[in-house]
Amino acid sequence: MKNGKKPKGIPLGRLPSSLPKPVRVEIKPKRLVFPLQTRWGTLRPLVKPGGDVSAGQILAQDDGGVAPPILCPCSGKVMGIRPWATASGSQAPAIAIQCSGSPMPQTATKDDGGWKQLDAQSLIKTVMKMGIREPDSYRWPLAWRLAQPGLPPAQASWPPDISRPIEYLIINAIDRQPGTSLREAALSGRETEIADCISLLERVSGARNTVLAVKKGQPISDSLDTELGRRGIRIIMCPDIYPVALEPLLVKYITGREIPMPEGNSRMIGAAVVDVLTALKVYRAIRDASPPTLTLVQLSVPSANMDYQLWIPEGMLVSELLDQLQLTGINASKLIMGGPFLGYAVDSSDVPITAEVDSIVVQGDSELFLYENNPCINCGFCVKSCPMGLLPNEITRSCEYENFEGAEKKFLFYCIECGICAYVCPAKRPMIHLIRFGKQEIYRMRQSEQ
Amino acid sequence: MKRPHLYVSSSPHLHSGKTVKCLMWDFIIALLPAVFAGWFYFGWSALLILVLCVAAALLTEVLYDKLVGKSIDVANGSAIFTGLVLGMLLSSQVPWWIPIVGALVAIVAGKELFGGLGNNPFNSSLVGWTFLALSYRDILENYPMPNPKFLLEAGEYLAYPAIYTLKDSGVDGIIDVPWRDYLLGNVPGEIGTICVIALLLGGAYLLYRRVITWHIPVFFIVTVWVFGYATSLIDPDTYASGTFHVLGGWTIFAAFFLAPEFGTSPVTPGGKIAYGIGCGLLTMIIRLWGSYMEGVPFAILLMNAITPLLDKIRPRVVGRVKEIA
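Chains as they are written, first to last, in our numbering: chain A, 1 to 450; chain B, 451 to 775.
Where hints are given, some of them may not hold.
[What the hints assert, rightly or not] Cβ-Cβ distance ranges computed for the label pairs, FRET-style:
hint : chain 1 : residue 1 : chain 2 : residue 2 : range
1    : B       : Leu602    : A       : Leu368    : 49 to 55 Å
2    : B       : Leu651    : A       : Ala92     : 56 to 62 Å
3    : A       : Gly406    : B       : Lys516    : 34 to 40 Å
4    : B       : Arg660    : A       : Lys28     : 46 to 52 Å
5    : A       : Leu368    : B       : Pro545    : 46 to 52 Å
6    : A       : Gly406    : B       : Val518    : 27 to 33 Å
7    : B       : Leu602    : A       : Ile220    : 58 to 64 Å
8    : A       : Lys409    : B       : Trp629    : 49 to 55 Å
9    : B       : Val771    : A       : Gln440    : 22 to 28 Å
10   : A       : Gln440    : B       : Lys516    : 36 to 42 Å
11   : B       : Val771    : A       : Pro302    : 36 to 42 Å
12   : A       : Gln440    : B       : Pro545    : 55 to 61 Å
The set of hints was computed from the structure by calculation and includes no laboratory data. Note that CB positions come from ideal geometry on N, CA and C, so glycine has one too.
Build the full structure now, drawing on both the sequences and the hints.
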């Protein structure tokens with residue numbers, strides 16, 4: 001496969017000399033909250049307020065069969081189903097659970113090897129029921145991205161098209177953004193598990209080429225090298241540039257093909273991207289026959305020089321987490337769910353941490369950065385650094401003047417919202433805000449037309 | 451959390467730290483070697499002209515903002531930069547009111563009337579300079595001989611700026627001038643445009659700090675050189691060499707400080723290349739066959755006018771595939 005050109009962007013930064021080690025803190029959540037809204041539709045709750053729930057019970061599912069269901073990690077009681085603030089800044093109906101026990105821990109192997117005999121279709125159906133969510137925003141959920149052609153289609157009004165077989169399976173071990181180091185840390189210390197995990201996904205997807213994408217300069221242990229080489233899995237070093245870990249740019253760099261935007265469905269060019277932590281979740285879920293209950297989250301508090309990687313029960317509220325870690329006294333100006341470049345700043349700490357959140361940053365006054373309402377100075381820095389080759393200055397100006405159709409003609413929907421244009425803008429314009437505003441308004445106009 | 455409220459904003463939540471103030475001050479720092487060269491050859495009167503220009507520019511911007519009701523933001527350095535560049539384009543022997551009038555026109559008509567930094571269609575310093583050059587042509591064309599402060603002897607080959615000598619006396623008038631004189635700035639001319647080495651230092655600093663990209667300076671200079679070389683090959687008695695046209699006159703100054711100004715030059719790489727080539731071509735055409743002495747300011751103003759059209763030369767958008775592989 002041919003490697004593409006280095007994408008435009010900003011350097012990811014050197015590897016820190018000592019990565020924060022994942023910490024398994026004994027966290028006993030009192031409440032867990034599960035928002036019902038996903039990218040692929042709203043899930044239907046299967047429980048009623050006041051009802052009892054047990055560990056592993058399905059709380060909500062998508063009737064169309066596309067979005068992954070929500071499984072309860074611990075036993076407890078349903079407190080209510082009401083609107084709750086989510087990690088993406090919106091209000092969505094959510095199921096609130098009062099816990100009466102600890103969440104099912106992710107146990108070490110209790111596998112009986114039975115899963116090795118299952119064929120790809122059964123494995124995918126198992127994965128669909130496991131309720132695995134990912135931090136990246138892909139066009140289709142995990143199981144539909146990996147399924148081989150031949151699976152019965154989903155019942156949704158617009159089901160995923162899986163007619164094209166997967167030629168490239170890319171396991172993404174590059175961190176999404178500067179400031180997080182979860183995926184780098186995942187590769188050390190569990191070489192055989194990673195190799196087995198990638199082989200399993202290769203079998204499930206039927207991919208012709210399987211690749212592990214790592215950042216250039218990351219040390220790969222010899223045992224991982226040999227294990228992967230033995231199974232025919234290539235390791236590709238990707239440039240140390242920020243948005244290379246985002247799906248369209250990673251696929252373009254590794255395979256040389258471009259995902260047709262704005263649909264953004266990598267299946268159309270025969271590629272599938274799974275990040276390494278989600279791959280490990282899938283592997284463990286199949287091997288141990290139990291759904292994942294804990295998710296790995298990086299909590300950074302730069303003002304207090306803290307950087308933890310924690311295993312957190314899915315659905316836990318940020319306020320409760322900070323309580324249990326005794327961090328409530330810190331000076332906080334911004335609470336960012338999802339990382340410094342791609343995350344949303346939320347207005348209260350009562351938001352649940354779902355598996356879509358892989359990094360929580362608490363910024364104090366000294367790191368705080370606020371946008372200013374300045375006109376564009378036409379310096380061209382955003383054009384110079386946009387990895388998708390757009391003209392962000394023109395797009396955001398059109399959105400600012402509410403000329404949304406004009407913005408769409410300038411490829412507004414090709415924007416992957418990486419945030420580099422706003423990072424480099426000398427006038428501190430709220431670029432991503434204007435782009436999202438434009439996209440929302442166009443969706444609204446299209447919906448009201450229907 | 452202890453705080454009563456949290457700030458909410460869209461991503462990203464970090465900034466590179468490069469503000470408008472940073473960029474403008476980078477431009478001003480890049481001009482300092484050339485300011486030193488101006489003082490070195492033309493003495494304190496050169497510095498006085500620069501100070502008058504900068505002060506007038508600052509005052510004009512403050513008064514205009516007050517009059518119009520805009521918030522005053524002179525700390526971002528753009529008025530200082532406009533004033534400084536305009537001062538560099540003047541001779542050190544002009545009367546005191548020339549820089550003041552020029553700065554007034556440059557700030558008001560060249561920048562503020564259009565909405566401030568980055569929104570002016572024409573390079574603001576050049577608007578001020580052109581007003582002066584067309585209205586007070588004889589007053590402006592009073593260029594002193596260089597008078598180096600130490601180490602060097604005054605250049606003795608030229609009595610008038612090189613481009614003027616070329617137009618008046620032909621190639622014979624400039625053929626004996628050593629390149630060293632242009633590089634060190636030992637020639638008569640405007641305050642800022644004479645010393646090529648100082649300007650190249652400043653330009654290298656700008657490129658290193660990534661304030662401007664290499665496209666416009668490189669293509670401007672290369673086009674001027676190629677055009678000069680080609681014409682001098684065809685008729686060496688009438689046309690000077692390419693190197694002369696690059697080193698003598700405003701070429702180097704314009705390539706780094708006038709042509710790539712924010713807002714008046716294109717933002718796309720293809721547009722920048724076309725802009726640099728166009729500036730070079732127009733400069734040479736006006737110099738060789740036009741009636742004005744120095745072609746650079748008018749070439750840049752003309753290219754500024756078509757910058758929005760050059761912006762249509764867009765980079766390739768990722769994901770715009772017509773057929774699926």
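Hints and how they fare:
A beta carbon spacing of about 53 Å between Leu602 (chain B) and Leu368 (chain A) agrees with the range 49 to 55 Å that was offered as a hint. Separation of Leu651 (chain B) from Ala92 (chain A) is about 58 Å and conforms to the stated range, judged on CB atoms against 56 to 62 Å. Range check, Gly406 (chain A) to Lys516 (chain B): Cβ separation about 35 Å, and the 34 to 40 Å hint holds. At about 51 Å, the CB distance of Arg660 (chain B) to Lys28 (chain A) agrees with the hint of 46 to 52 Å.
For Leu368 (chain A) and Pro545 (chain B), the hinted distance range of 46 to 52 Å is satisfied, since their beta carbons lie about 51 Å from each other. At roughly 29 Å, the beta-carbon separation of Gly406 (chain A) and Val518 (chain B) lies within the given 27 to 33 Å, and the hint holds. At roughly 60 Å, the beta carbons of Leu602 (chain B) and Ile220 (chain A) sit within the given window of 58 to 64 Å. The hinted window of 49 to 55 Å between Lys409 (chain A) and Trp629 (chain B) holds, with their beta carbons roughly 51 Å apart.
Roughly 26 Å separates the CB atoms of Val771 (chain B) and Gln440 (chain A), a value that falls within the hinted 22 to 28 Å. Between Gln440 (chain A) and Lys516 (chain B), the C-beta spacing of about 39 Å keeps the proposed range 36 to 42 Å intact. Distance hint check for Val771 (chain B) and Pro302 (chain A): the Cβ-Cβ separation is about 41 Å, which falls inside the suggested range of 36 to 42 Å. At about 59 Å, the beta-carbon gap between Gln440 (chain A) and Pro545 (chain B) stays in the expected band of 55 to 61 Å.
The structure is consistent with each of the numbered hints, conforming to all of them.
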